[in-house]
Amino acid sequence: MPATFEPRTPDWKARCFASFEQQPICRTLGIEMAAMEPGFCEMRLPFRADLTQQHGFFHAGMVSTLADNAGGYAALSLMPAGAEVLAVEFKINLMSPAKGELMIARARVVKPGRTLVITQVEVSMLDGGVEKDCALMQQTAFCVMPK
1 MPATFEPRTP DWKARCFASF EQQPICRTLG IEMAAMEPGF CEMRLPFRAD
51 LTQQHGFFHA GMVSTLADNA GGYAALSLMP AGAEVLAVEF KINLMSPAKG
101 ELMIARARVV KPGRTLVITQ VEVSMLDGGV EKDCALMQQT AFCVMPK
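Positions 1 to 147 (UniProt numbering) are the ones given, in order, by the sequence shown.
None of these hints come from the bench; they were simulated from the model. Worth double-checking, as some hints may not be accurate.
[Said to hold, decoys possible] DSSO-like, lysine-lysine: derived pairs with alpha carbons at most 30 Å apart:
1) K132 with K91
2) K13 with K91
3) K13 with K132
4) K99 with K147
5) K147 with K132
6) K147 with K13
7) K99 with K132
8) K111 with K132
9) K13 with K111
Throw the hints in and build the complete structure from the sequences for me.
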């Protein structure tokens with residue numbers, strides 16, 4: 001059973017969506033925010049041929065970008081008012097080709113700290129109506145407070 005967390009501010013969800021709307025890369029790629037809960041984020045990326053590598057699968061950079069964003073917003077959901085999030089480290093295992101019509105990243109906070117938040121992100125592909133595991137990321141996010 002995934003851990004449940006209490007957000008530090010009542011407007012956590014609005015802050016996350018406002019931040020997401022300001023991400024040019026998400027608009028450019030067509031990333032969609034599918035679900036947000038305290039310590040959890042699901043993002044989706046519909047297939048586009050211009051985001052693939054030479055074999056017609058999503059490029060590994062797209063897999064990493066989707067996972068990084070989902071992990072970042074799961075972390076941001078538990079940060080204090082005024083905070084911004086910045087990834088400082090991640091490790092991704094690409095377990096199978098990113099083949100299908102929709103890539104899904106589900107991020108969960110593993111350990112929320114005062115300045116560092118550890119997340120785990122599972123990436124799957126929806127292919128012919130069947131969801132298949134694609135990648136697994138562990139990420140460390142940094143809580144950036146305004147000066």
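What hint numbers does the structure not satisfy? Of the numbered hints, 4, 5 do not hold.
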